[in-house]
Every structure is written in C-alpha cells, then in structure tokens.
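Participant: Spelled out from the first residue to the last, the chains are:
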Amino acid sequence: MSAAQRSAALRAHRGPVLLALPTIVFLLVLFAIPVARLMLLSVETGTLEPYEKALTDPLYLKVLLDTGKIALIVTVLCFMLGYPVAYFLTVAPRAWQVVGLFCLLMPFWTSILVRTYAWMVLLGRRGVVSETLLSLGIIDAPMTFLHSLPAVLVGMVHVLLPYLVFPVYAVMQRIDPNLMQAAHGLGAPGWRAFWRVYFPLTMPGVLSGASLVFILSMGFFITPVLLGGGRVMMIAVLIEQQVREFLNWEFAGALSATLLVFTLCVYAAFRRLMGADRQLV
Amino acid sequence: MSDDEGLVLTGASKHFGKVVALDRVDLAVRSGELLTILGPSGSGKTTLLRVVAGFERPDGGTVMLRGEDITWLAPAKRDIGMVFQNYALFPHMTVHGNVAFPLEMRRMKRAEILERVKWALNVVELDDYGERYPRQLSGGQQQRVALARAIVFNPRMLLLDEPFGALDRKLREQLQLEVKRLQRRLGLTALFVTHDQEEALVLSDRIAVMSAGRIAQLGEPQEIYARPASRFVADFIGESNLFEGEVCEAGGSFSVRCSATMTVHIGDVGAHPGERVSVLVRPERVKPLNGESDGARVAATAPPANTFAGTVSEVVYLGESEKLRITLEDGAEMLVRWHPEGRQRGARAGDALRVAFDAQDVHVIRGAA
Chain A
1 MSAAQRSAAL RAHRGPVLLA LPTIVFLLVL FAIPVARLML LSVETGTLEP YEKALTDPLY
61 LKVLLDTGKI ALIVTVLCFM LGYPVAYFLT VAPRAWQVVG LFCLLMPFWT SILVRTYAWM
121 VLLGRRGVVS ETLLSLGIID APMTFLHSLP AVLVGMVHVL LPYLVFPVYA VMQRIDPNLM
181 QAAHGLGAPG WRAFWRVYFP LTMPGVLSGA SLVFILSMGF FITPVLLGGG RVMMIAVLIE
241 QQVREFLNWE FAGALSATLL VFTLCVYAAF RRLMGADRQL V
Chain B
1001 MSDDEGLVLT GASKHFGKVV ALDRVDLAVR SGELLTILGP SGSGKTTLLR VVAGFERPDG
1061 GTVMLRGEDI TWLAPAKRDI GMVFQNYALF PHMTVHGNVA FPLEMRRMKR AEILERVKWA
1121 LNVVELDDYG ERYPRQLSGG QQQRVALARA IVFNPRMLLL DEPFGALDRK LREQLQLEVK
1181 RLQRRLGLTA LFVTHDQEEA LVLSDRIAVM SAGRIAQLGE PQEIYARPAS RFVADFIGES
1241 NLFEGEVCEA GGSFSVRCSA TMTVHIGDVG AHPGERVSVL VRPERVKPLN GESDGARVAA
1301 TAPPANTFAG TVSEVVYLGE SEKLRITLED GAEMLVRWHP EGRQRGARAG DALRVAFDAQ
1361 DVHVIRGAA
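In the order they appear, the protein sequences are chains A and B.
Heads up, the first sequence is in the numbering used here, so the first residue is 1 and it goes up one at a time.
Heads up, the second sequence is in the numbering used here, so the first residue is 1001 and it goes up one at a time.
Hints are computed from structural coordinates only; laboratory data are not their basis.
Please note that a few of the clues may not be correct.
Computed beta-carbon distance windows for the label pairs [what the hints assert, rightly or not]: (1) A/Y267 x B/R1110: 32 to 42 angstroms; (2) B/R1110 x A/C265: 36 to 46 angstroms; (3) B/K1018 x A/R271: 21 to 31 angstroms; (4) A/Q97 x B/H1339: 54 to 64 angstroms; (5) B/G1060 x A/G137: 51 to 61 angstroms.
Which residues of chain A face chain B? A partial, calculated answer using Cβ under 8 angstroms [stated by the list, open to error]: (6) D140; (7) N178; (8) A182; (9) H184.
We put the CB at the ideal spot given by N, CA and C, even for glycine.
Can you build the whole structure from these sequences, using the hints too?
Facilitator: Here you go:
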C-alpha cells in the first residue's frame, strides 16, 4: 500500500474508533480491570489451591451443576411460555399487540429488586396465593411458597421471559406469510405446516433468545437469594457468600473464573448451533 | 369434454366489510384449458384465485372441481398446485426438499418421492439443482422450482398468481412460453391471474376480463382483442382509438357521427339510427397516407373508407414500428401504428398527415360502457 492509501485507510477507521473509545474505556476501567484483578487474586497465593477446591470438591461441583440445571429449566420454561406469546404478538390485531407489548415491557423496565420483593409478598405466608388457596379450601392453614426452588424458578422466569420473547418475535415478524399458505396449499394441514415450515424458520430467534436466557440465568443472584432463602444455592450466591462471610477472595476469584469459562463455553456452543442456521433468510 | 372435469364457479361472492370483491361470479374452466383472469388492481382477480385455492371462504356461491364441491374444503385437501409471485419457496430446505414437500405430506414412499422429484426437476430443466438452496438461485430458477413443486404431485389443477411479475422482460417471455408448453404437455387445467394484457394474450386459451368483482367479458384472445364487448375491455386490452357518437343511416350505409367534423363509416352491424355507440379502431389498422397514390387507392375501396386529416403531435420509436399520436381537426386524438418500410422516412412531430382506415376495421360497441 502506498503512503496515500495507508493514510486513507487510517482516516476511514478513525471515525468508528473514536466513537467506540468512550465505551471501550468505560468497560475497561469499570469492568474488565476489576474482573481481571479478581481473577488475579485467585492466584495470588502462588498456588492453584483455590481452583483445586472449586473444581474437585464435590460440594462446590454440585453447586456448579445445580446452577446449570436451574439455568436449563428456566430456559425451557421461558421457551414454553414465551414462544406462544411471541406468536400472539405477531398475529394479533393491532390493539392486542399494543397491550401485549405493554405487558411485556412494563415489568422489563421495573427494577429486578422491586419485582423480586413483589414475588415475596405474593408467595409469602400471608400472600395472595396462600390466601386464595385457603379460601378455596385447598389448604387448611396459611403456607409459604418461598424459600424453595419453584419460587426461584417463578421469579427467574418472570424476569427473563422478555429476553426470549423479543428475539423470537423479531424473527417471526420477518417470516413471509405466503410460506405458510404455500405449505397449506401443498397439502400440509395446520400442525404439519407449523412443524415443518414455521418452527424451523423461527429457530435462529429461539436459539438467540435461549442463549441469552441461559447465560443470564447462570449468573443470577438476587432472585435465588431472596426467593430461595438459602435453600437454593447458585454459584453467584456462593461467590457472594465467600466474599462477604468468609472474606475468601482467592476462592471467590477461582469460582468466578470457573463460571466465566463455563459461560464462554456455553456461548461458543450456541454460536456453533446458530452458525448452522444463520444462513437462513 | 364434460364440465365435470374442470373448475366451475357458480355465483361466487365475497365482500370485505363494505367492499364487494366478488359479485356473483360464474366461471367454468374446461379441463386441460389455460384460462387467464385479467384485470386491473382491485378488480377481484386475486380474491377469485384465493377462493378457488381455499384461502378465502366465499360469502355465497359454490366452487366445484372435477364434479366435487370444494367450497368449504381446507386448502390442504384440495390437491391444487399454486405458484406465487414471490415464489414462496421454503428457504430452509434445498430445491429437492421443496419439491419433495407435497409428496411427503401425502406420505409417499421414499423411492417414489425420489423418482417424482427427479421427473419434476427434469420437466423444468433444473435436473442438477437438487442440492442448492433457494437463495443460491436466480429469480427465474426459483420460479421454475416453484413450478416443479406445484406439479410434482399431479394436481387436479394449477393456479398461478402473477408468477412473472418480479422478473425482467426477456425472462418473463421465456417463462411464459415454458409454462404454456408445460401446461399443454401435462394436460393440466390452469387458472392464471395477471394484470398484464400482453401476457394474457400470449398464454391463454380463453381470457376472462374482470372489473369491480364481475367478469366483463369471457372469450378467446382473438375475440377479446378484435371484438371487445365494452369500452372498459376495449381500453384495457391493447391500445385503442375510441370515439362515441350517434348512428346515422344514408342509403344503406351506416356511419357514426362523433362530432361536427368527425364521422366514422361503419359496416352493417345491426345498429339502429339514433343509437349511441362507441367505435373502436386499433392503431395498427389506421394507415398514414403518403401522397396521391395512396389517396387514390383508398378512395377506390368500398364501402367508403374513413379518411381524416390531422397533425402529428408525438412520435414514439419502438424499433420494429412507430407509434404516432395525431391531433385531428376537432381536437380528438388518434393513435397510429405503422412500419416505415426500408429507408422510408418516418414521421416527425408537426407534420401534417392524412390517415385512413376501412369501415370493416371498425368495431362497434353498443350499449352502456
């Protein structure tokens, strides 16, 4: 490249780089560096002992696996509830679309802490659920639904649902309506047309949303703490415990690093799955 | 050939709120025939097609196919092949997958499916394209795949909804002929919808011209072109010179008085003196007169020919012909289409020109528009 070409190339990149600079600096200073420091703490002692503990101690392995399991269940639940919602938003008449989007977005814009507390009120001993069941005669004494896995699942699904609905909705919007008609005309009755044509075409959206929900679930903290009451141990809860109660920064760092690696692996797996589908459209 | 073999629509009606899309339409498509529904946007042609396909339920009337009442039958059960304007190929399946789809829906055995797909791809001349994806194909190729998919399961009839609208002219003409040949070869009953009147003339065994939910005229292309039944049809098909006037009779020969300075001589078509009619003469039937020899020749023909003097206001060069817009004495306009021969000088704007056409070339449209 001649000098003129080189300077032209630099000039072309200058704009985008300058625009990205504030964000890069922000993320670097307030995120990347602290996280790196945390990771470094885990090897400060000079040995890999915290990592050994994190990866081989059955107690902590169980926490990691449980976190994965919970994330998986939440993802599946979000899919089962969210897919029909996304479809409804796509085909509903305008007025219902607005209502639907509102119902989805309002909670989305409400603080997660506020929402989790709201669930505590609803599921508590004197909450709505308990009172309703009592009045229906299904139970004969007020009971609490908190401090259990189902409560945590409810809270998490409630928060993470929009993350699945929106990518799926976006993909559904772009599906050519003629395709389903063509499928019907060619002899495919309702269900078969859906399964063979519509569903495969929404796959990119589903994978996108599912990966988002799964990865976010892995790192959930507030909801398992408040709604799980110590009975639901997810890895983020454990990490916080190590820092706050035991001041064991090294171990916390090791656990964090483990979580990060695991998340990156999951992300890579999803990318591969989506890569195969990305050629559609 | 009994009507039981084809498509029969009786009194088909459909409205969307206050809009009447179909107004008691009767239509019979004969078995093995390619009938084109021709009309402008909003004429109801697409609604008609959708009613036949089953995507719309008519508010009244019946649809019979091969003697069976399919008015309320689900689209999936009608066994009708459809080709859409935007192809509607399944993007996540290969060409083979797309063409095999209707056969899989009919639960055919794998071996048979393979054979039929091979046959269909061969008919549309895309034998080696089985493993490609729709996005890797050109528009024309995609439409051929759509065709293959529509015929592979031996449909009872074929529906084509403006299938070539998205293609360029040369490709369109090529595919038009391919579809016609295919339809003839397979003996398929076909219903073709378009707003392109040239396409209709090329392809059809018969044309049904639609306007405002009704069929304005049904007939063979020659019939529709040469003898349109109304001003609307005359205007819609081909180019036309249309004039209105009153019928006059003098000594056995008829004419139509269109204005103070314009009278058109017509043949004996059974019109009554005093009747208001429209007269149509196609631009290619109007001949420019060059010099005295032409004038003498024209005067010698009987019944009396129509001669008019005017000025050329516009010349459109079309390669194989020239289209002239002439302004006549009383301000009326006439379109003339002619072929300048050899190195004969074409007309130029501003030229004074006399034109003539035979009374036999005038088509009289009686009754209301």
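Participant: Indicate, hint by hint, whether the structure satisfies it.
Facilitator: Going through the hints against the structure:
1. A/Y267 x B/R1110: 32 to 42 angstroms: holds, 39 angstroms
2. B/R1110 x A/C265: 36 to 46 angstroms: The hint (36 to 46 angstroms, Cβ to Cβ) holds, given that B/R1110 and A/C265 are roughly 39 angstroms apart.
3. B/K1018 x A/R271: 21 to 31 angstroms: For A/R271 against B/K1018, whose Cβ atoms are near 53 angstroms apart, the range 21 to 31 angstroms is violated.
4. A/Q97 x B/H1339: 54 to 64 angstroms: holds, 59 angstroms
5. B/G1060 x A/G137: 51 to 61 angstroms: holds, 55 angstroms
6. D140: violated, 52 angstroms
7. N178: holds, 4 angstroms
8. A182: holds, 4 angstroms
9. H184: OK, holds: A/H184 within 8 angstroms of chain B, min 4 angstroms.
Comparing the model with each numbered hint stated earlier shows that hints 3, 6 do not hold.
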